[in-house]
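Number of protein chains: 2
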Amino acid sequence: MSGSAVEAARAARQASYEMAASPAQMRNEALRILAQLLGEKKEDIFAANRLDLEKAEAEGLAAPALARLRFDGHKLEDVTRGVTALSQMEDPIGQMQIHRELADGLVLRRVSCPIGVVGVIFESRPDALVQIGSLCLKSGNCVLLKGGSEAAETNRALFEVLAEAGRRAGLPDGWAALLETRADVAELLAMDEDVDLLIPRGSGAFVRYIMDHTRIPVLGHSEGVCHLYLDAGCDPKTAANLAVDAKTQYVSACNTIETLLWHREAAAALIASAAALHQAGVKLLADEATQQTLRKAGVPCEAAEEKDWHTEYLALTLSIRCVGSLKEAISHINRYGSHHTDAIVTDSEEAWQRFAALVDSAGVYRNCSTRFADGYRYGFGAEVGIATGRLHARGPMGLEGLCSYKYLLEGHGDTVGEFAEGKRNFTHKDLR
Amino acid sequence: MSGSAVEAARAARQASYEMAASPAQMRNEALRILAQLLGEKKEDIFAANRLDLEKAEAEGLAAPALARLRFDGHKLEDVTRGVTALSQMEDPIGQMQIHRELADGLVLRRVSCPIGVVGVIFESRPDALVQIGSLCLKSGNCVLLKGGSEAAETNRALFEVLAEAGRRAGLPDGWAALLETRADVAELLAMDEDVDLLIPRGSGAFVRYIMDHTRIPVLGHSEGVCHLYLDAGCDPKTAANLAVDAKTQYVSACNTIETLLWHREAAAALIASAAALHQAGVKLLADEATQQTLRKAGVPCEAAEEKDWHTEYLALTLSIRCVGSLKEAISHINRYGSHHTDAIVTDSEEAWQRFAALVDSAGVYRNCSTRFADGYRYGFGAEVGIATGRLHARGPMGLEGLCSYKYLLEGHGDTVGEFAEGKRNFTHKDLR
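Here the protein sequences line up with chains Y and R, keeping their order.
Under numbering that gives the first Met the number 0, residues 0 to 431 are what the first sequence spells out, in order.
Under numbering that gives the first Met the number 0, residues 0 to 431 are what the second sequence spells out, in order.
The shape of chain Y in the complex, shown without the other chains (with noise of 0.2 Å):
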């Protein structure tokens, strides 16, 4: 259909004032008919993946993206519990975050509002359209869905559901639009009148690709290069299994570690955590200082080269390098990771302050594995992805992120030029 996503995109900036303005009450109502709709069609939307499936299959795709592509009951029970959860969570929408006198009888009030009209490019994964949807939806904004051509039949049903649950409640029509084909999305870059934010879920080059073509804001990561650092002394049993959960407990998520780094005084960590690893099936790639450690300890391991410091491997591969200090730590880590989460292993407070205050992440963790980097973990009810930028939402996005605000003020006729003039006096005086 040649201009449907121009159409989809008006279609909600229209939509998006009277969603802004919707009602609480009618936003939850159409979750709940959401949440009932995916039960009583599961059947319809089973049927829809088979047919994914059985494509995927005829085109060989790989074991972890088939079983990314299904959608059976368990995902449909935990998207269904997600979305009851956030029928039920307070209304981000409308919340004063100020109020204030700026002078007698003048009162700023700024007050939550969404943000619009979201665009979503994501992967395989159908499950992300009835999150993603949901996640609008509550927030007050309206939606622009591309998802995945693989899961083309399956997203139709879900869209289907979620655009029924909206009629059903009374949202305005074309607040939702599922778009399609890979000319849908360059149409939408260019849409920065009636689009005001995209969030793009894939690779890194993906996402870069968005940002260099369009003007709409652009919210992600480009990648997940992640570090767990073994500080001087640190606890050898700790280390090793906060470093075979970071790398191996979900492979190809954003939040694994890609790079370990040890301080010289940590060897015991190190061959620990290393032969823990090793035997989880992790290759490892070390500097030339860790390899003779490792050598004299029995620990197979190859050389690592510069361009793996900067590699995201979403895989079973590791590398590691020997630091002499904290701070040859922090500065690796600043240098070569993507902001995204890093993790300290340290018994000492007084570096665990150092790393927390210099290192440049979204997440900086102590004794803890990577993998909590996440709007769930995080208790957020759900996320629409991980955000690496400083703008905005950083890290884990959910709720909150999906909102920016509006000032209100309301007077009795005040003129500035009584207060140029001093015939007046602002009192900026908070109110409860």
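Because the hints were derived from the structure by calculation, they are not lab data.
These figures come from a predicted structure and were not determined experimentally.
Do not take every clue at face value.
[Stated by the list, open to error] Rough simulated footprint, nothing fancy, chain R against chain Y, three-plus residues with beta-carbon under 8 Å: (1) 399–411; (2) 418–428.
[As the list claims (entries may be wrong)] Which residues of chain R face chain Y? A few of them, derived with a C-beta cut under 8 Å, are: (3) 210; (4) 216; (5) 355; (6) 363; (7) 388; (8) 403; (9) 408; (10) 413; (11) 415.
We put the CB at the ideal spot given by N, CA and C, even for glycine.
Given chain Y, put chain R in place with the hints provided.
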């Protein structure tokens, strides 16, 4: 100097880590020294300003531009007072925004931190250098300052004072740099690895040029097309006072109105406003219905064209349009406005509620002048600019807009695997 902006940006990135970790006491001390040096060095600053003024006069710069360029005792007092006030304000850095137990012994904190390296490109007013430089200093940001070439001598003198204050207080080298050439700006735009945010202050065309030529996030307003809407039956005297203040109190500010909308049942308010505006020297461009009404009342006006509805005059010119309903007024504002600041004159609570909910602007006002849209008037101390986008800061952007945050997570060897296997559960308990 070839490569100077590149070197300045790299040096600022290096300094940014230490700057972010610097104690509030050190940054406040730098502000106190800055205030003191501004007084001690004032004759040098005034002499530098005289050179700029002589050159500008010789080149035939217009009177308003000369006024902006002048840095005299009055402006020195203003900026010094602002710097002293900043030194006494609460530290915006290190504020705990979230404090939450995720699970037994696993505690999350979200703490405010600087954005990092901020590039500011500002117009001819040299006082902006001190205001922006001191806001960045207070918020722990490194800053690259590019001022107008007309103010080159004054900017150099003021920058020297800012840099000296930083040196004496012990701030890291390179935390602030002055850029002077257009080539510097071109280099700056390519430094997306080392610059986190650009704040261009200038014409709409200039801001759009910046947005189109960089990957660095840009905050700022492309223009200020603000509206005053006279609702049915509103008080003519209030309407006229607000219209004159909002249009003429400082005609070249972005928060002045460019269009007056009036409900067809607000003819008395329209006539009173138009007469007062005409008397204040404002040229009126009106649609057909308004022309008829004003001609009968003997107020001179000319025909408006379609382009007038989205023109930022920044001059004593105002477009006027008649609307048939509140809804039509809101549609006009959302379609033609710049989402900056828009006001309604009304006694109706219902009309105000609809206007506040449906107008999609950073500031939505009732019965007061749009000229209040300003960081100082809002009680933010000062502002680096007014943002009309919906991401990160919206409206007047003060210290808060110069901050990001990071998540700090502390545990005792916690792995995600334990939770995935059901051995442990999340508690998500907010701590006080």
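Hint-by-hint comparison with the structure:
1. Using a Cβ-Cβ cut-off of 8 Å, 9 residues of the segment 399–411 of chain Y lie near chain R, which meets the minimum of three, so the contact claim holds.
2. Taking a C-beta to C-beta cut-off of 8 Å, the segment 418–428 of chain Y contributes 4 residues in contact with chain R, enough for the three needed, and the coverage statement holds.
3. Checking residue 210(R) against chain Y by beta carbon gives a least distance of about 6 Å; that is within 8 Å, so the hint holds.
4. Because the smallest distance between the Cβ of residue 216(R) and any Cβ of chain Y comes to about 5 Å, under 8 Å, the interface hint for this residue holds.
5. With its C-beta approaching chain Y no nearer than about 5 Å, residue 355(R) sits inside the 8 Å limit, and its interface hint holds.
6. Nearest Cβ of chain Y to the Cβ of residue 363(R): about 5 Å, under the 8 Å cut. The hint holds.
7. A least Cβ separation of about 7 Å between residue 388(R) and chain Y falls short of the 8 Å threshold, and the interface hint therefore holds.
8. At a threshold of 8 Å, the smallest CB-CB gap from residue 403(R) to chain Y is about 4 Å, leaving the interface hint in force.
9. This hint holds: residue 408(R) has a C-beta 5 Å from the nearest C-beta of chain Y, less than the 8 Å allowed.
10. The criterion of a C-beta within 8 Å of any C-beta in chain Y is met by residue 413(R), whose closest approach is roughly 4 Å, and the hint holds.
11. Here the hint on residue 415(R) is kept, as its CB sits about 4 Å from the closest CB of chain Y, short of 8 Å.
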